[in-house]
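Engineer: Residues per chain are reported as follows:
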Amino acid sequence: MRRKLSMFDRTLIGPAIADSLRKLDPRVQWRNPVMFVVYIGSILTTALWVQALLGYGEAPAWFIFTVAIWLWFTVLFANFAEALAEGRSKAQAASLKGLKQTVEAKRLADAKDRSRVTRVRADRLRKGEIVLVEAGDFIPGDGEVIEGAASVDESAVTGESAPVIRESGGDFSSVTGGTRVLSDWIVVRITANPGETFIDRMIAMVESAKRQKTPNEIALTILLVALTLVFVFATATLLPFSLYSVAVTRLGTPVTITALIALLVCLIPTTIGGLLSAIGVAGMSRMMQANVIAMSGRAVEAAGDVDVLLLDKTGTITLGNRQAAAFTPAAGVTEEELAGAAQLASLADETPEGRSIVVLAKQRFQLRERDLTSLHGTFVPFSAHTRMSGVDIAGRQIRKGAADAIQRQVESLGQVFPRAVLATVQEVARRGSTPLLVSDGPRVLGVIELKDIVKGGIKERFGELRRMGIKTIMITGDNPLTAAAIAAEAGVDDFLAEATPEAKLNLIRSHQAEGRLVAMTGDGTNDAPALAQADVAVAMNTGTQAAKEAGNMVDLDSNPTKLIEVVETGKQMLMTRGSLTTFSIANDVAKYFAIIPAAFATTYPQLNALNIMHLASPFSAILSAVIFNALVIVALIPLALKGVRYRPLGAAQLLRRNLLVYGLGGIIVPFIGIKLIDMCLSFLHLV
Amino acid sequence: MTVESWGLLGLFLGVALLCVKPLGLYIANVMAGAPIWPLRAGRRLEAGIYRLCGIDPAQEMGWKRYAVALLVFNALGALLLYGLQRLQYFLPLNPQHLPAPSPDSAFNTAVSFITNTNWQSYTPETTMSYLTQMAGLAVQNFLSAATGIVVAIALIRGLARHSVKVIGNFWTDLTRVTLYVLLPIAFVLALVLVSQGVIQNFSAYKTVTMLQPVTYQQQKVNAAGAPVTDAAGNPVMQTVTKRTQTLPMGPVASQEAIKELGTNGGGFFNANSAHPYENPNAFTNLLEMLAIIVIPAALTYTFGHMVGDTRQGWAVLAAMAILFVGLYALCTSSEQAGNPRIAALGVSQTASALQSGGNMEGKEVRFGIAGSTLFATLATTTSTGAANSMYDSYMPLGGLVPLFDMMLGEVVFGGVGAGLYSMLIFAIIGVFIAGLMVGRTPEYIGKKIEAFEMKMSSIAILVMPLIVLVGTAVAVSVKAGQAGVANPGAHGFSEILYAFTSASNNNGSAFAGLSADTPFYNTALGLAIWIGRFWPIAAVLAVAGSLAAKKRIPVTEGTLPTHGPTFVILLIGTVVLVGALTFVPALALGPIVEHLMLWSH
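Chains as they are written, first to last, in the working numbering: chain A, 1 to 687; chain B, 1001 to 1601.
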C-alpha cells in the first residue's frame, strides 16, 4: 500500500527547498514569463542595493535591501510551490518504482511446453517473448496471458488487497509487470519492451520536468503575459511621468526605480504566475491519488470539459449481477411449486443469478438447499446451443432459460406455449427485469423475474452530474424495454440498448459532431475503437492491453464509477486556475492604494489622501505591499495543490460563488493583509 | 446631481433604448441581405456599384482577405484625403481661397478621418475648403463609420456561424451598411437639423457689424506674428476693440448629421457642437446625442439577434448602460459641485431657477451643466469626440471622466461597431477567466476560447494602453512635446495624456490647452491613431475567423451563462480591472492629484 502524503510532509519540504534554489537558473525561470519579470526585478534591485552601499543610492540602502530580499523570496516561493508539487508526484512515482525490482523471469521457447525454462533477467525481456509465471513469482513485465489462469496480487498497483483472477482469453487476460502470482500458473506473452512498460511510462510522465503545457494553460499564460506587458509599460512610463511632474512643479524627487520595480512586481499577476505550474502538476498527482493514471495533462483537463458520460450498465450503474426478485407461476401452478422447481434447476448453477434464485426460494418458502447427488440428479449445464440449463431428476426434466429457448423446447415436445405466460414475460421485460422461464418436461411452470439492482446513491450522483450540465448515457446489451426501465430507475438521461461496438462508436461520433466532449470507460478489446474515439477514455486496469492502449487514462482500481471522480478532478484543476487568476487581478486595487501615494509622496504630498489604509510611512507602504505579494503565494500553496473545493453546482451558481469569494475577496483581502503587515513592521520598528 | 440632470438622462436613455430593438433588427436584416423593402428598392443601385467595381457579392471572404480588403480600402482613402487637402487651393468650392494645410497636418487629418477619430489639430473654418469638408471629410465620416460596423458584423458572424472559413464579403458589407443604414438616417437627420437653424450653403464667409463693440486685452504680436514679451519675459499686452465679426458659412447640416450618427465628431467649425450653427438649441443637442448613441446601442441587439439569443445582446447593453450612468453621475456631480475657490469668494454656485449653478466655465448657457456633461460623457464613451463644452475647463474630476471614458477602451457604447467589437473582446477575456472558475474550457456563445483567441484578444486590448503610455512618456520627455503645453503642472500632464488617449482610442476629442498642430504632435498622434485603429481591427478579424471555423458547443447546465446579472457584473469588472486599471498611476499624477490639491486648500 502506498502511504498518503500530507500537504507539507517533512520528507518533501527539504528537497523542495533545495529544488527552489536550483530553479533560480535563468533557463528555468525563462519558462515562466511572469516570474521571469520578478526575477529580473530582483536582480535589478540587488544591483541598486550594491550601488546604494557604494554611496550612490537612490534610497536608503536598508530599504532597497529589504525590497530586494522580498523580491527574491517571491521568486523562491513560486519555485517552492512548483518544487513541492513535483516532489509529491515524484514520491508517488517512487512508490511505483518499487515495482520495478529486477526479478528473474522464466522464459519459454514454446508456450505449450512448460518443462524447458531459460532463466533471464526481467529487464532483458523483449516484446513477444513468452514467460512462465508460477505461484509466488513476480510477473516480469506487462503482457497477456496466453495459457492458464491464476490469482494475482495487484495491490502494489491498485492498492486493492483482494487478489484478482487472470486467465487466457477474454477480457481478463492482461497482466501488469511487478504484480505477483499467488496461486496456479500462467504463461504470459510480453507486450512491452524494457523501459516501455506501463509503469515505466507512468513514472516518466510524473517525473518529467518538461511537462507539456495543456492547451488551457497556454491560453492562460498568454493572457498573463499580456497583462504583465501592460504593467511593465505602465510602470516604466511612470518614470518619465514623474520626472516631468518634478520638473514642472519643482517639488520633491522623482520616483525611485526601487519603488517602480516594487509596484511592477505587485501589479503583475505573480500569484497565479507563481502557482500555475504547481496547479498543473498537482492535478495530475490528485488523479494519481485516486489511482487513476492520466497519460497527459491534456487528458485531465479535457475531463473537466466533458459533456457526455457513457457508462456501462453493468458494474457502473447496477451491481454486477442480476438477482431473482419474484416467481410468477403459470395458470394451474402454485408459486411454491414454481419456486421448488426453480431451486432444483439452480442448485448446481454457480452463477450469481443461479445463487440468487436459490436464495429467493429460501426466503419465500423456507425451501432448504438440497444435495443434488443424494437425489441422483444430473445437472444439465448451460450451452450456447440450447440456451438453457437445468437438472434431470427422478424422471423430471426441469429446465430454466430465456423465454424463446423454453418456448422452442416446449413446442418441440408437442405442447402449446401458454399465452398468459407470454404476457407475463413481456410484462417483466417492460419493468426492466429479465424473465427466466422454468419448465418441467413439456409443462411451463412460470416465470422467474431477474432484476438488475441499481447501485445505492447512483441516482443522486447522476443528479449532481445533471446540475453540472453533464449528460449521462447508459450503455447496455439489454433490449430497449429493459434498458428504458433501468435507465428510469437509475436516473440516467439516455441509454443505448443492444449496444454493439459499432453502435457505441457511432454514438460517440454523433455527440462529438454536435460539439460535445465524450467520456467513457471500457475494458474489453472490442471497446478499443470507442475508447480511441472518446475524448476522455478511462481504461480499466483489468482490461485488455488493447483497451489500455486506446484510452488516455487507466484506472488502477478498475472501478467504472470513478469516471465521475475523474471529471470532478479535471474541473477542479480549471477552477483553481481561474479562481487564482481572478484573485490575482483583483489584488491590484489594494496595491495601488498602498504604493501610488507612497511612490509620489515627495512630489505630491496631497496624494496621501489615497493612503486609505493609513500605512505608517512611504517605505513601510511599499514594503508591506511587496511582502504581502510574496506571502500570499505561500499562503495559497495548499489551495493550489489541493485545488478549489469542488461543488456539484450549475455554472451560474458556481460563477456567482467564486466571483464573490475570489473576486470580491481578492479585492478586500490585500487591504487587510497589507495593513496587518504594516502594523507589524511599525510595531517592530523595522521602518 | 439635480433633478434636471437625472431627468435629462432618463429622457435621453429612454428614447435611445426604444430605438435599440427596431434599429438593431433592421441592421441585422440589412447585413444578412434580407429581402426587406429598402434592399429591394436599392437592388439596382447596389448591383450597379458591384458591377462597376467588379465585385462578386456572392463570394465571401476568409478573415485574412477581409482584413486585407479593409486595410487597402482605408489606406487608399487616406491617400485620397491627403491629396484633396494638399490640392484644395486649386480645386473648386473654396470661396475663401484657403491654402493647403501643412504636410504633417494633412497627414494627421487624413489618418484621423479615415479611422473615425476626427482628431482636429487644425481650425476647420480657416483651413478646409468646402470641397475638402464635403468630398473629403464627410465622405470619410460615412466610410469610417461603415468600416467600424462591418468589423463588428464580421465578429458577430464569427460567433454565430460554425465550421466555416468565411466571415462575409467586405465590399458588400461596406456598401450595404452605407447605403441602407448610414445614408438614409443621416439624410433625415440633416433635414431636421436644418429645420432647427443649422446652416447648409456654399456662401463665402460673411462679415457683420456687431451690435456691441468688444474691447479686450491681448498679447502683442510682432510683424512675424510671434508673441512679444518684455525683458522680464512677461507678455506685452495691448487693448483691442472689435466692431465687426466674420461669420463662417458652409454645408454644415449634411456633415453634422453623419458627424454624430457615425460617432465621428469632427466639427465643421472649431467650436464643434458648441457652435450655434452646428448645435443651435437644447432640442438639437438632445437629437445629436441620440444620433451618437443610437447605432452603437442598436448593434448590441443586432448581435443578440444574429447569434440567435437576444439576451446576449441585452446583457452587453446592460453592462454598457450601467457604466455609462455611473460615469455621467460622477462627471455631472463634480461639475455641479462647482469650484471651491470661487465658493470661497462668496459666489453662489447652487442650481436655482435663474442659474444652472456649478462650474459653468467653458460651457454653453443654452445647454447648462447636464446638457454639457451628458454630451461630454457620451462623446467620450462613444468614440465621437464631438464636444459642446470645453473639457479643459472642467473640474479635475469632471475632466477625469472624459479621460477615463476613453481609457476604458471606448466600450461603453463606443464607436459605431468599434464599441461592440471591443466590448465583445472584453467579454471573451472575462469569459475566459470566469469560465475557468466554473471548471470548463471557457466558451462564449458556444465557441471555445482557446490560445489563438486569447492571443488575438490580448493584442486587441494591449495595443491601446501601450500607445497611450509610451506616447505620453515620449511627449513629456522631449522638448517638442513639452512645448505645446499651455498649463504647467498636473493639468499640463493631463492635457498630453488626454491627447494620446484620445488618439489611440480613435476618439478625437481634445482637452484643449495643448497646441497640437505641430509636426511632432501631428506625426506622433497620427501614428497613434493609425496603430490604435487597425492593429485591434486585424486582431478582431482574426478572432472572428478563428471562431467561425469552430464547432458550436450546445448549451448545458454546465455552460457559463452569458446573459444574466452575474455576467453583466463580470463584464463590468473585466473592463474596469483589466482595461482601465493600467491607467490608475497616470491618472493619479494628473486629474486625481489636481483634484486633491484643489480641495485640500
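A hint or two may mislead.
[Stated by the list, open to error] Footprint (simulated), chain A over chain B, 3 or more residues, beta carbon under 8 Å: (1) 1436 to 1448; (2) 1487 to 1495; (3) 1505 to 1514; (4) 1526 to 1533; (5) 1541 to 1555.
[Unchecked claim] Once the Cα atoms are required to be at most 27 Å apart in a straight line, the calculated DSS-like pairs of lysine-lysine come out as: (6) Lys-213/A x Lys-1455/B; (7) Lys-1220/B x Lys-1455/B; (8) Lys-642/A x Lys-90/A; (9) Lys-112/A x Lys-90/A; (10) Lys-213/A x Lys-1551/B; (11) Lys-459/A x Lys-362/A.
[As the list claims (entries may be wrong)] Ranges between beta-carbon positions, derived for each pair: (12) Gly-1062/B x Ser-510/A: 40 to 48 Å; (13) Thr-602/A x Ala-1231/B: 30 to 38 Å; (14) Ala-1034/B x Arg-430/A: 36 to 44 Å; (15) Gly-252/A x Thr-1207/B: 46 to 54 Å; (16) Pro-501/A x Pro-1565/B: 42 to 50 Å.
In short, the hints are calculated from the structure, not lab data.
The C-beta atom is built at its ideal place from N, Cα and C for all residues, glycine as well.
Engineer: Please name the hints from earlier in the document that this structure breaks, with their numbers sorted from lowest to highest.
Structural biologist: 3, 4, 7, 9, 11, 12 and 14
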